[in-house]
Amino acid sequence: MQLRKVTAASAAVLALSLAATACGGDKKDDNGSSGGKKIAIGIKFDQPGLGQKTPQGYAGFDVDVATYVAKKLGYGPDQIEWKESKSADRETMLQRGDVQFIAATYSITPEREQKVDFAGPYLLAHQDVLLRADETAIKAPKDLNGKKLCSVSGSTSAQNLKAKLNLKTDLVTYPTYSACLSGLQSGAIDALTTDDSILAGYAAQAQFKGKFKLGNFKMTNENYGIGVKKGSDLKAKINTALESMVSDGSWAAAVKKNFGPADYKNEPAPKIGDVKS
Amino acid sequence: MFDFLGHYDVLGAFWTTVQLTLLSAVGSLVWGTLLAAMRVGPVPLMRGFATAYVNIVRNIPLTVIILFSSLGLNQTLGISLGAKGFDAINFRLAVLGLIVYTSAFVCEAIRAGINTVPVGQAEAARAIGLSFSQVLGLVVLPQAFRATVGPLTNVLIALTKNTTVAAAINVAEAALLMKKMIENEAQLMSISAVIAFGFVCLTLPTGLILGWVGKKVAVKR
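Chains as they are written, first to last, in my numbering: chain Z, 1 to 277; chain P, 278 to 498.
Bear in mind the hints are in silico, worked out from the structure with no lab data behind them.
Bear in mind the structure is a predicted one, so any value in this text is a computation, not a measurement.
One or more of the hints may lead you astray.
What the hints assert, rightly or not - List of simulated lysine-lysine pairs, DSSO-like, C-alpha gap at most 30 Å: (1) Z/LYS211 - Z/LYS271; (2) Z/LYS148 - P/LYS493; (3) P/LYS497 - Z/LYS162; (4) Z/LYS115 - Z/LYS218; (5) P/LYS497 - Z/LYS147; (6) P/LYS361 - Z/LYS168; (7) Z/LYS86 - P/LYS438; (8) Z/LYS237 - Z/LYS271; (9) P/LYS492 - Z/LYS164; (10) Z/LYS142 - P/LYS361; (11) Z/LYS115 - Z/LYS168; (12) Z/LYS218 - Z/LYS256; (13) Z/LYS72 - Z/LYS37; (14) Z/LYS211 - P/LYS361; (15) P/LYS361 - Z/LYS213; (16) Z/LYS38 - Z/LYS265; (17) Z/LYS115 - Z/LYS142; (18) Z/LYS276 - Z/LYS139; (19) Z/LYS162 - P/LYS361; (20) Z/LYS147 - Z/LYS115; (21) Z/LYS230 - Z/LYS38; (22) Z/LYS148 - Z/LYS71; (23) Z/LYS139 - P/LYS438; (24) Z/LYS53 - Z/LYS71.
To be verified - Only part of the chain Z face toward chain P is listed, based on derived beta-carbon distances under 8 Å: (25) ALA40; (26) THR92; (27) ARG96; (28) LEU171; (29) VAL172; (30) TYR174; (31) SER178; (32) GLY183.
All C-beta atoms in this analysis are idealised placements derived from N, C-alpha and C, irrespective of residue type, glycine included.
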């Protein structure tokens, strides 16, 4: 009797798992028949204003740029397959061909250019600080000396403070920017530092409106590019697409839509290939 | 392929890892032993406390404990453990978090060791009029420790690797350096290989030496 129960149970489990795999197969077929070809694009899923996964879909400046570029490459919005590309995975994802291109706050640097090719840049961002709206003591980058700053563990912005900007700050880092925001609100932290575009995205969120302000210090230049596989012919096509995005006004509209509420003074659209160091 | 290593203080980062490991190891050995003593002790309240502590703490992910010690204790409650500056504060908080977490496992290892001591020994010790603390301190624990060298080595190796979680609150140890290097260099494979090799260099000798010690001190029954 005992044995029979076990056999029946395992048969049920087996049947279920078979059914599950069958479902998976069906789904794939659906994808194939509905759109024909698909394009996989890497974005960030957790950065408001740039690339964020929301219950309503994907939103942000990177998403808008990628959607526009995909349209120019011949893919409608429903043919795009969004994939999350975390900072550490970006080069590997391109090299393996998991995604065709990546628009994920991807700064063009000489080290990265050895591994992948960059189209663009499509946005010139600067390292900046986010302050409480009533903060008056911090007016210039040098006022940050001795202040409590927060950033994301291991990020370029966290490293720049000491190495590039020569600031003696008291730095704490957490895995996400949201963890910094609570400390900033309560006063345990004086400033949150990273690219102004990312900060503007946070400041523009409905629940933070009016609580924070940008420092507008322009401490470094970050040239956001679109990463493609080394030697790919996509680079030229994406560059053409980016040029037309700027000339037909969609670029300015996307900036206004995503960063508008944060009082973010964006740089004019960068020229293709003009990487500011 | 490994020429990027010159720009980074890899040894310094691993030294921080070693410091984190040793301080937390000593702390959790002390606190874990006390917890084990409470769990086998005669006072129901202490037994209940230690049991609850072990069962709660070992089921909370370490990341949550470490992040709570920084976000909760420091940022919200303003506890700084007598240190100034986030670097020092977070190092101490990381040690605290690792002790809180690891001591639950140390406690269970030692309790298992106590169970290897024949019950007749404790009875004999009580029969000649020793108090509970004397029975535990003079008769049971010395034998228990000799039996738990092996399990405690496992805990120590796990602790060494768990110190990487402290990177979440900016303690400048090996895993944080790895994050920095990956961010700057775009060489995922070789960087991970270097860090993995570093940890093997720390844990392999630990395992071999303590394994030898364990054999040497084991009570042959």
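Now the hints, each set against the structure:
{"no.": "1", "hint": "Z/LYS211 - Z/LYS271", "in the structure": "violated, 34 Å"}
{"no.": "2", "hint": "Z/LYS148 - P/LYS493", "in the structure": "violated, 51 Å"}
{"no.": "3", "hint": "P/LYS497 - Z/LYS162", "in the structure": "violated, 57 Å"}
{"no.": "4", "hint": "Z/LYS115 - Z/LYS218", "in the structure": "holds, 28 Å"}
{"no.": "5", "hint": "P/LYS497 - Z/LYS147", "in the structure": "violated, 60 Å"}
{"no.": "6", "hint": "P/LYS361 - Z/LYS168", "in the structure": "holds, 14 Å"}
{"no.": "7", "hint": "Z/LYS86 - P/LYS438", "in the structure": "holds, 23 Å"}
{"no.": "8", "hint": "Z/LYS237 - Z/LYS271", "in the structure": "holds, 15 Å"}
{"no.": "9", "hint": "P/LYS492 - Z/LYS164", "in the structure": "violated, 53 Å"}
{"no.": "10", "hint": "Z/LYS142 - P/LYS361", "in the structure": "holds, 21 Å"}
{"no.": "11", "hint": "Z/LYS115 - Z/LYS168", "in the structure": "violated, 33 Å"}
{"no.": "12", "hint": "Z/LYS218 - Z/LYS256", "in the structure": "holds, 19 Å"}
{"no.": "13", "hint": "Z/LYS72 - Z/LYS37", "in the structure": "holds, 15 Å"}
{"no.": "14", "hint": "Z/LYS211 - P/LYS361", "in the structure": "holds, 28 Å"}
{"no.": "15", "hint": "P/LYS361 - Z/LYS213", "in the structure": "holds, 28 Å"}
{"no.": "16", "hint": "Z/LYS38 - Z/LYS265", "in the structure": "violated, 36 Å"}
{"no.": "17", "hint": "Z/LYS115 - Z/LYS142", "in the structure": "violated, 35 Å"}
{"no.": "18", "hint": "Z/LYS276 - Z/LYS139", "in the structure": "holds, 25 Å"}
{"no.": "19", "hint": "Z/LYS162 - P/LYS361", "in the structure": "holds, 18 Å"}
{"no.": "20", "hint": "Z/LYS147 - Z/LYS115", "in the structure": "violated, 37 Å"}
{"no.": "21", "hint": "Z/LYS230 - Z/LYS38", "in the structure": "holds, 21 Å"}
{"no.": "22", "hint": "Z/LYS148 - Z/LYS71", "in the structure": "violated, 44 Å"}
{"no.": "23", "hint": "Z/LYS139 - P/LYS438", "in the structure": "violated, 42 Å"}
{"no.": "24", "hint": "Z/LYS53 - Z/LYS71", "in the structure": "holds, 20 Å"}
{"no.": "25", "hint": "ALA40", "in the structure": "violated, 20 Å"}
{"no.": "26", "hint": "THR92", "in the structure": "holds, 6 Å"}
{"no.": "27", "hint": "ARG96", "in the structure": "violated, 11 Å"}
{"no.": "28", "hint": "LEU171", "in the structure": "holds, 6 Å"}
{"no.": "29", "hint": "VAL172", "in the structure": "holds, 4 Å"}
{"no.": "30", "hint": "TYR174", "in the structure": "holds, 7 Å"}
{"no.": "31", "hint": "SER178", "in the structure": "violated, 11 Å"}
{"no.": "32", "hint": "GLY183", "in the structure": "holds, 4 Å"}
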